[in-house]
Amino acid sequence: MFDWTIPDEWSIRDAWIKNAAGERVVDFREHNLHVLGYSEPFQGRLSAEDLKAHCYTLPDHPDRIPYRTSYYKRQWGFCLTQHQYDALTEPEYDVCIDSTLGPGVLDYAQCVVPGATSDEVIVSAHVCHPSLANDNLSGITLAMQLARALTDIETRYTYRFIFAPGTIGAIAWLSEHQAQAKERVRHGLILACVGDTAPFTYKQSRRGDAPVDRAASLVLGLHAEGSTIKPFSPYGYDERQYCSPGFDLPVGCFMRSGPGGYPEYHTSGDNLGLLRPHALGESFTNALRIFEALEGDGTYLNTNPHCEPQLGKRGLYSAVGGRTDTRAVEMAMLWVLNYSDGGNSLIDIALRAQLPFAAIRAAADALLDAGLLVAAE
Amino acid sequence: MFDWTIPDEWSIRDAWIKNAAGERVVDFREHNLHVLGYSEPFQGRLSAEDLKAHCYTLPDHPDRIPYRTSYYKRQWGFCLTQHQYDALTEPEYDVCIDSTLGPGVLDYAQCVVPGATSDEVIVSAHVCHPSLANDNLSGITLAMQLARALTDIETRYTYRFIFAPGTIGAIAWLSEHQAQAKERVRHGLILACVGDTAPFTYKQSRRGDAPVDRAASLVLGLHAEGSTIKPFSPYGYDERQYCSPGFDLPVGCFMRSGPGGYPEYHTSGDNLGLLRPHALGESFTNALRIFEALEGDGTYLNTNPHCEPQLGKRGLYSAVGGRTDTRAVEMAMLWVLNYSDGGNSLIDIALRAQLPFAAIRAAADALLDAGLLVAAE
Amino acid sequence: MFDWTIPDEWSIRDAWIKNAAGERVVDFREHNLHVLGYSEPFQGRLSAEDLKAHCYTLPDHPDRIPYRTSYYKRQWGFCLTQHQYDALTEPEYDVCIDSTLGPGVLDYAQCVVPGATSDEVIVSAHVCHPSLANDNLSGITLAMQLARALTDIETRYTYRFIFAPGTIGAIAWLSEHQAQAKERVRHGLILACVGDTAPFTYKQSRRGDAPVDRAASLVLGLHAEGSTIKPFSPYGYDERQYCSPGFDLPVGCFMRSGPGGYPEYHTSGDNLGLLRPHALGESFTNALRIFEALEGDGTYLNTNPHCEPQLGKRGLYSAVGGRTDTRAVEMAMLWVLNYSDGGNSLIDIALRAQLPFAAIRAAADALLDAGLLVAAE
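Protein chains in written order, with our numbering: chain A, 1 to 377; chain B, 1 to 377; chain C, 1 to 377.
Hints are not guaranteed to be accurate.
The list cannot tell twin chains apart, which means a pair is met if one copy fits it or any two copies do.
Computed cross-link-like contacts, DSS-like style, restricted to lysine-lysine with a CA-CA straight-line distance of at most 30 Å [unchecked claim]: (1) Lys52 / Lys73; (2) Lys313 / Lys18; (3) Lys313 / Lys52; (4) Lys18 / Lys182; (5) Lys73 / Lys313; (6) Lys313 / Lys182.
Bear in mind the hints are in silico, worked out from the structure with no lab data behind them.
Next up, chain A with everything else stripped away, as it sits in the complex (with noise of 0.2 Å):
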């Protein structure tokens, strides 16, 4: 699988660090963190210093246990909290983690909601967190409710959900579907972290100016104050992967906080009570609204190129002249019309105008039912 072996599949049943009396004072069905994950098995009574060496803390957050594997170098060990870990005090505990590693498969889940054409877009988020909440049970909700949304209407794409492990989920993905991805793909969005109330992230594609990209500044530039474009970096979530140099795809990442980017992050404290409902309802709209710009994009050539067409004489521009609140649909059509000249796609002219796309593409409708408008070839 390019230049990676899958490694075994991990079960894990139970796990326990239990004291002189018996008391489980680390229990993994209380908290699924508690474990390393990847744990080789392991049983035995160990003094506490020995344990203490596979002991893995947050001493500035003496409550939260980290979250922590070991994917690729066979050890165990436990997660605990500060105050688990300082109260190891008695001499000895006995320890057990059992866990089997062996033969298996790497399983991803995809969902394809077909579309007019079989040009995708993919929505890829990863599953590989236990119990964390924002990072990423948020992406995964978030894509479900996507995906269900698309099936209700038309589209000119098909939208593709992966749902897979991180890193080692999109490398599977990628070198099962190579020829797909580098033929079919027309865009696509990374969804992690998206339902906590910070301000919205879009991480740009490594190409920076795919139509992704454009339709993500359009939209969290009009729609949601306080955003941020950041610039492709080869760090984050699995863009790692499908922007890598021999893909390049056309992927961005839509996040609200970010990896790192919250004090609960890779952390116990990142639970349920971090995601809030119109948080993720406003990532839903977004996201929908990105892709009702990639659906609705296109590129057009004026019929009327000089001067303006008589807008009025087809019911298109207001009777009465010299107001100064001149209607958006009318600026939008000014717009479209102007800038038709078949370098700019109708995303490029809602960036230039600053207006919704829905604007834009309204006023390109009216234009092609008016016959000012052709699509170009």
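Given the coordinates of chain A, work out where chains B and C should sit on it, guided by the hints.
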């Protein structure tokens, strides 16, 4: 005429609203804004309620008469102050609009100041706003003064001043001069709202980097603190037509406050009281500076491109070295020499150096005289 | 010598102004700035008024002697403090300038530190300012220390240090090394005013985006807070000659305060008291960092461009995942892998990543060792 049909010619002789006592409570002879522009003729007695359906006011500025027109929908109406409107308390009024609509001509005026070549600079001002001062008696006045000033000097370009009604007039001119516009027009300026005391605003041509755009940036940047350079947008004055994609002429718009940019815009408040002689004077000076840069622009080659030439032996450089107040003319010569590689015009060099165009032009002349510069082919 | 003739060689042995009592009231032996540079010989008795026509002072800084020269106009003069000038109250003075002007040579020094290739980095410092410390004993000193440091290490480039009088010396060098300059010089730095405590200023080469320009931006941006990057201008030090359009060499100017940028500039106040050892040391360190980036730059190809390679199995990636303190070296490897597509050099990648060049170079070396990178052709 491209997509347009010139509408019937409108003449207005008189108009009034009379009360039961036969007194004119609204009187066209008092202010010609009182009639909705292009009103069809009407005579009759109406209930106050029916009359008010034909009235336009500005509730937020109860002392001002709005400027309203209806060129392309046949109707009649009155524009009045909110106070006049509120005083229409009698049950009925006699109403008269003594206008005619019929075959006629669309007039526009041109004033051509010939230059050494048939390459043209067009200067355009709209003339369709009755009784409005800043928008656009100021533009008409400035155009006239510029024409007068250019008559007295020898110019490279032929200057064509166009005085025409907004939109329809510019469209008519372009329709009747289509080939000439495309072949001869090298630069152009729309003049509007140039008599108030707002800082200058220059709106770029659709090209964005035409010589007139760069000349205006240079002049306003150096000589008019607080000026704003705005990108093209397909709304405003007749740049809408000159910069339509079929023409895409290098025509910018030279303004102070601009359309909609002051509270009196399109009302009876836009009267001579709004204009200031020194503001008109500054507009004149800066417009001439833009023309000066366009006239004097050129691209040259440094005949001595390896190291600096020795300016001192030619009397072009200060004899005493070590001073910190190097003369601007020496700096200008160094800029012209270094960047006269065929790829930069004098306007480009002035922009880089942030030196007045006159200083750069004087430096180039001195260097040409000394044989250190030749015209690039 | 291009457009220039080397003037006669000037030697100065003594100079003074004596009062009636025969006392030297201005004495070249006390400060060599007291003579107008390149003064022709003169001896005689003058009225105070006639003498003062030959005197240069700084009324705003009455304690400082100005630095003035007259290379290309034969004259004589004295530079004195305003206090000395004001004390010239006797009716007559005896004056002597014991100088000679005659055939001679224009000397400049070169120090060449050979590297693995004959491609050259030139480092140039002007040596014509008598007794001035920051401008430019500091540049001379820094050049010497850099030459010494480079002698001790193996370099790719041959480093040529040029010590020459400003303007005429650089012109002489370029005149005598014209082909070499065009064929061999890959990068270059002018060093001047590097001993004061002002933040760094790097003035770009005329090209603006030469590797040395990008290396300087990287180094000063990351390692020298408050630094300024200025675009090229055809005034300043000998970049005026190296960057004349016929040569257009990739030579920038590395300074702290720069010409005219401090009150003591070109006066007797620019003495050793203005220099600070730690400031010179920082200049040394950052100049070396620029050379380090130029030496280590290169363009590579990721041999595994589809998705990330598995760094962990090669020991290049941390074993425990989930941490938020990803090591800089891992980040650097991800940047190098993603952007090593043949279109970005390591300096480009370091600028994108905003990581020290050394980290990017170390990452590239690790990836080359692992076979994950090859040199681009």
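Against the structure, the hints come out as follows:
no., hint, result
1, Lys52 / Lys73, "within (18 Å within a copy, 85 Å between copies)"
2, Lys313 / Lys18, "neither (85 Å within a copy, 34 Å between copies)"
3, Lys313 / Lys52, "between (82 Å within a copy, 26 Å between copies)"
4, Lys18 / Lys182, "neither (53 Å within a copy, 77 Å between copies)"
5, Lys73 / Lys313, "between (74 Å within a copy, 9 Å between copies)"
6, Lys313 / Lys182, "between (47 Å within a copy, 28 Å between copies)"
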